[in-house]
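*Asks:* Spelled out from the first residue to the last, the chains are:
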Amino acid sequence: MLSQEDNELLTRVGPGTPMGELLRRFWMPALMAEELPGPDCDPVRVRLLGEDLLAFRDTSGRLGLVAQGCAHRLASLYFGRNEEDGIRCVYHGWKFDVKGRCVDMPTEPSDSNFKDKVRIKAYTLREAGGIMWAYMGPQDSIPELPRMPIVEAAEGHRFAIKRFQESNFLQAIEGGIDSAHTRYLHTTLDFYHRTESYLASLKPLLDRFKQDPDSLDPDELDQIFRTADKAPRITATRTDYGLAVGARTSVEGMSYWRFNQFMLPFYTMPPRDPGGHAFVPIDDKSCWVFTFRVRTDRPFSMSEIRTMRTGQTDGRFGAPVDENYFPLAHSGNDFTLDRKLQREYNFTGIIGTGNQDMAVQVSMGTIVDRTQEHLGVIDVGIIEMRRLLLDLVKDMQAGKAPLAATNPEVFDGVRGVSLMRSNDVTYETCVGEVLQRIDQTKQKLQQLRVQEAAVH
Amino acid sequence: MLSQEDNELLTRVGPGTPMGELLRRFWMPALMAEELPGPDCDPVRVRLLGEDLLAFRDTSGRLGLVAQGCAHRLASLYFGRNEEDGIRCVYHGWKFDVKGRCVDMPTEPSDSNFKDKVRIKAYTLREAGGIMWAYMGPQDSIPELPRMPIVEAAEGHRFAIKRFQESNFLQAIEGGIDSAHTRYLHTTLDFYHRTESYLASLKPLLDRFKQDPDSLDPDELDQIFRTADKAPRITATRTDYGLAVGARTSVEGMSYWRFNQFMLPFYTMPPRDPGGHAFVPIDDKSCWVFTFRVRTDRPFSMSEIRTMRTGQTDGRFGAPVDENYFPLAHSGNDFTLDRKLQREYNFTGIIGTGNQDMAVQVSMGTIVDRTQEHLGVIDVGIIEMRRLLLDLVKDMQAGKAPLAATNPEVFDGVRGVSLMRSNDVTYETCVGEVLQRIDQTKQKLQQLRVQEAAVH
Amino acid sequence: MLSQEDNELLTRVGPGTPMGELLRRFWMPALMAEELPGPDCDPVRVRLLGEDLLAFRDTSGRLGLVAQGCAHRLASLYFGRNEEDGIRCVYHGWKFDVKGRCVDMPTEPSDSNFKDKVRIKAYTLREAGGIMWAYMGPQDSIPELPRMPIVEAAEGHRFAIKRFQESNFLQAIEGGIDSAHTRYLHTTLDFYHRTESYLASLKPLLDRFKQDPDSLDPDELDQIFRTADKAPRITATRTDYGLAVGARTSVEGMSYWRFNQFMLPFYTMPPRDPGGHAFVPIDDKSCWVFTFRVRTDRPFSMSEIRTMRTGQTDGRFGAPVDENYFPLAHSGNDFTLDRKLQREYNFTGIIGTGNQDMAVQVSMGTIVDRTQEHLGVIDVGIIEMRRLLLDLVKDMQAGKAPLAATNPEVFDGVRGVSLMRSNDVTYETCVGEVLQRIDQTKQKLQQLRVQEAAVH
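Protein chains in written order, with this note's numbering: chain V, 9 to 464; chain X, 9 to 464; chain U, 9 to 464.
Chain V with its partners taken away, still in its complex shape (with noise of 0.2 Å):
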């Protein structure tokens, strides 16, 4: 439960608004890399933080991410003419580069300064691991990206969609880090009714655990105890980079840790592969919904890519879209619930991972009314990034810009983990050994990249 005054101030994200500043010092994931495949192709109307701009590559294959109403009488750039390093509007032929400076205007005498005092807004916009970022932030310090998988991940062994969903990201940001709605909402019947008798068939498998505690592969020891245990208990560590939110649940004196990853400013990285979500902010009633997969071993194959990109919904997306990034499921047509599926097949009646997480994160209100909740042992996560956040928040507003978005190196090596202890050791142990094999990774990635400068 929130107070109505900080529910205004983590949701609503406009120029001028505390979270909105907060998360401009931030690089977001804006539009996907493939919104502007080439040099002087079609600019991109996008709108981030409650901004209307417009992205665009330019002819020396720049990009530039403007305000989208020309300087001088605001008609809109996206019916701009994209040609020879620069937007042109069609209204009076003014031309504008990446940065927002104006640099033709065939309007006024030849002679004229007037086009050098004239710029429209620019924000930084950079493309990197299959994503357009934006950096909304003061333009005269602008930082590194966030050193996170699917930046540093080389092509082919990273994967990006996104889909629109029309609510505040706050609540996106929310499911992402609820660990235990996996039981319910993303179950079969089949599952979700599994008996003693089904763990008592597992036991062989616990037993391999017990052994080789650390042999664990985390989606099949999730369904172990998403089946045995559907209350975990939540903790939650403030790191540098946001939040390690360790979910414990227990069978036969064995407890199962899966810690999810909250990055700053609207991550979450699941102990599954080194990918994840990004939440990003629209307006404040709705967002973009960025899901990223990374595999390290191999190249992702085509299949697999053909899979994840039509979101195919046994996959684990689940939310197929339309070619502007909309799914097809929507609160107009009910998320396409189906009754007879749900008292049949599975939880909700719902097909496709996303598409329920749509249907529940929507049907809460645009934006949910957070004084109204009665929140439990299973939201420890949530309640600690609402404070995280709201701390950021009201450091900013004291002038106070977060560190994270300034240190790249922050998120460096951040994993999901997953853990299988005996029951008598404690959380702090756990966490512990979490924040060094983060760490360890770091080091690993670091000297990498010591060793991969030196060849070149």
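Hints may be right or wrong, so weigh each one.
No distinction is drawn between identical chains; accordingly, a pair holds when it is met within one copy or between any pair of copies.
[Said to hold, decoys possible] Below, a list of computed lysine-lysine pairs in the DSS-like style, where the Cα atoms sit at most 27 Å apart:
1. LYS238 to LYS107
2. LYS218 to LYS408
3. LYS238 to LYS123
4. LYS211 to LYS408
5. LYS348 to LYS107
6. LYS238 to LYS125
7. LYS170 to LYS293
8. LYS348 to LYS402
Just so you know, these hints were derived from the structure itself, not from any lab.
Please arrange chains X and U on chain V, whose structure you already have, making use of the hints.
*Replies:* Coordinates of chains X and U only, in the frame set by chain V:
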């Protein structure tokens, strides 16, 4: 004409509004019984008095009308599973019974008593007369259902249907009270233009009624007097159930009195059959128009039911609806206005009395600006209805609940009445006779109930 | 650039707003004459200056423009019966004539005089030039219609059409005044990229004009100078009818002067034919764009009329509309923007000058935020138009009505004018010549009227 303040007072129905509080003291038709056909059937979203609710029937057949948002984090229970005597949220499996009690909270440790502290808002829903009735007032003292024919009639002897209307409920009530408009809105040109010579031809019929005034067939008389006298004089008398609204028309020394009943808080019953209408606020901007038909002499025939059900346009209802009870005629298609038909066939160029009512009532604006009206002698019923409701609203604001809400027997025996009397019989005599008849009917019904109770 | 206050002052047109009051002093094109084709035809809903009105033609052919809501209980008279010299409400048969007087009130006793006290708002509607003109100012002193060619031209010699535009009217006027944008918005790439060598090839033509400056064909010259000089210098002079806006472009020692006329309160007339545009506010958010064509030499041919009527995209209008005068190109389909066409054929990738105008004008936002503009030398006409309207609005607030509204002869003889003069001829000389020509035309027209009156 009303002041803007009184217009607001009478038309706003959300939680906390004075009229909203008044209406919450009465049972209200909320949905059709057929919408919740059996145990564990699909839950139904219900918006009533500006509140978003969920109606469902549990495994034991009990009816629930609860808040749509789960107590946990407000995901809509509409997406929930209706199973094992409760509705279970698909997000985290919290489950609520028809009383709004949380009966399962699988995400909490088994020794937690958090569940017992959590409730969602729950109102009372009851089935009677093919209708689901909601009581949204204080749940610690639920009155009995109003003793109206639709509630008391045996199956087969009653029929109910509803349609959505894109306007505030009050102007819909006003249409139901207004006896005069049938002469215009619902007439064909043939009738409208009937002349003196036509009236002369009706003299034998009139003579019959003079000899036996109480042998009248309201429909037959209505047509005669509607043609003969286009300016009925209206008088209204307050009663314990609401208002008796008498409309007097005179031909050849005889007066035809038509008493239309207004029953609190939003019912009308014309002197045709003991059915009538209920105008139930969905919110400030829309309402459900329920139409009831009851016949005591025999059950409705299959063909009568089919006619009423399909809202056939030559029948009385005349507002066919789709599977969601939304009229096929609506503001988007000018209520099927056909100008050729209007020139050649009927007054409006719209087929169907329901469609005709909707066309004018919706065209007045979502909420009529009653500061701009010019009311005449035919509007006395409307004026008195507003005064009555304003008095009750003000009583309610002063903490005094409406008597009719907790005294269901005030509605017992109320019927629309037609009288044929010589011109020198006064209104007072006539209304006295109407109230006497109601009293007689009430006594007869109460005797029947005693007899019936004795048999069982 | 305007202050927010002045922007509000210039763009808000509802009842009681200063600009609304100013506009109400002028006759305004309200609908097409063809929309009210004959006695007792279907009434037409008209929204003008934020008021919902009904236009109709009664049995005697008189025109009415009245409030849409019936005086009784505000049912829309649109559903009414247009019959026997009045519009009759279908709810209770109240009937109103074109003056808004209640002429029948069948629901009241025959001796009642209530009818005589009841009126609905009525404005004056008059047909001229294929247009229905509305006067919404004080109805006790109706001025004469403005003496414009479209009003005065004989049938066959004039043509009018209208289209809906999803923006405030002021930015539409600004587009009409702005002579510079044709070089960009309405150009093909072929013309846009024409080079010095092309200009050289035009030298013979230019020489001809030097010898006989007044033998010019504006369209021909416009194309030459549009290509040769992309930065016209604009000057504007206040007149009794509005503004003479001169645009000067220079090539080879010669100046081409193009005087576009702004006529109060929202007309423009370019130097092409004595037609032009009217930009009529529907409300703050939308307007009607009327286009007039007049030719005095001969009647329009059938084929010219067909071309203009269908808004053929290679013609001047270039904004085909549906049967309700709604453009087929609109914001929902990006005004038919075609990027391939934009790369290969014309400046915008949109076919049709009207569609091109709409695309940029609507894209500026429903009401342009003029506090964000950067105006240049080409915008002097726009700046002066705003100043003129602001002065008149402030006069109006001080109780001083605009002179042009009550003096229709100020528009008499006003024409767009093109001049070809050597570079040393000043603006003052040119505008003097323009005003002298207008005066000559005015005298000629007045003589013709005297002669015509003498014949009759």
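*Asks:* List in ascending order the numbers of the hints, as given earlier, that are violated by the structure.
*Replies:* 2, 4, 8
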